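Student: As a plain string of letters, each chain reads:
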Amino acid sequence: GNSVTQMEGPVTLSEEAFLTINCTYTATGYPSLFWYVQYPGEGLQLLLKATKADDKGSNKGFEATYRKETTSFHLEKGSVQVSDSAVYFCALSELGFQKLVFGTGTRLLVSP
Amino acid sequence: DTAVSQTPKYLVTQMGNDKSIKCEQNLGHDTMYWYKQDSKKFLKIMFSYNNKELIINETVPNRFSPKSPDKAHLNLHINSLELGDSAVYFCASSQGTGDSEAFFGQGTRLTVV
Chain L
1 GNSVTQMEGP VTLSEEAFLT INCTYTATGY PSLFWYVQYP GEGLQLLLKA
51 TKADDKGSNK GFEATYRKET TSFHLEKGSV QVSDSAVYFC ALSELGFQKL
101 VFGTGTRLLV SP
Chain U
1001 DTAVSQTPKY LVTQMGNDKS IKCEQNLGHD TMYWYKQDSK KFLKIMFSYN
1051 NKELIINETV PNRFSPKSPD KAHLNLHINS LELGDSAVYF CASSQGTGDS
1101 EAFFGQGTRL TVV
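Protein sequence lines, in the order shown, are assigned to chains L and U.
Just so it is clear: in the first sequence, position 101 is 101 by the numbering used here, and no numbers are missing.
Just so it is clear: in the second sequence, position 14 is 1014 by the numbering used here, and no numbers are missing.
Okay, chain L solo, but in the shape it has when bound (with noise of 0.2 Å):
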């Protein structure tokens, strides 16, 4: 079955910091990918997603790029802040499968 696996947290950074979250997945069709994020006490909301493979989605200063040949969707920001500190999940979908694949998530910590 489709699967997504993201590497374990929490990451913790300081403000100004490089981030990578690795993201790389499982799946027998050709998925859409996202990023979504879940800021404390509240739901999960898109940060950026990828539709086709070398597509990259944007968005706040975030990054990621759909690699099909490493099956690989990793999420990158040049310079955090404190207001990013939350949790990073990749997800995949598939056309014709309406759900969401989740990975486990990623918590990141920012400190000034």
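The hints are simulated quantities; they were obtained by calculation from the structure and are not laboratory data.
This structure is a prediction, so every number in the text was calculated from the model and none was measured.
In this text, a Cβ means the ideal position worked out from N, Cα and C, and glycines have one as well.
In silico contact screen, one side only, chain L against chain U (beta carbon under 7 Å); selected entries:
no. : residue
1   : SER32
2   : LEU44
3   : LEU100
4   : PHE102
We have chain L; now place chain U onto it with these hints.
Tutor: Quick look at chain U alone, frame taken from chain L:
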């Protein structure tokens, strides 16, 4: 105006009770979902409905019964609550295609004591 709203936000109840969580979306989406998030933050789909019809039931105990009176509402009723049902339950909606964004409610934290 909240896109996906669910109530209540917190629910504390005793083992064996029956409870319901309500969800409404005002986005005009055809597809609605229930996800369960456990204490380790792991998210797993429970149910998916498209135009009021059940599409996905991910081996959820039949004590959980979703009901969709119309395509804007998807309620979750849980019978005979158990300690292991304690979790955060998220409602979500989307256009239903594989590449469409899912919009999530704020979650209902269910605690069974």
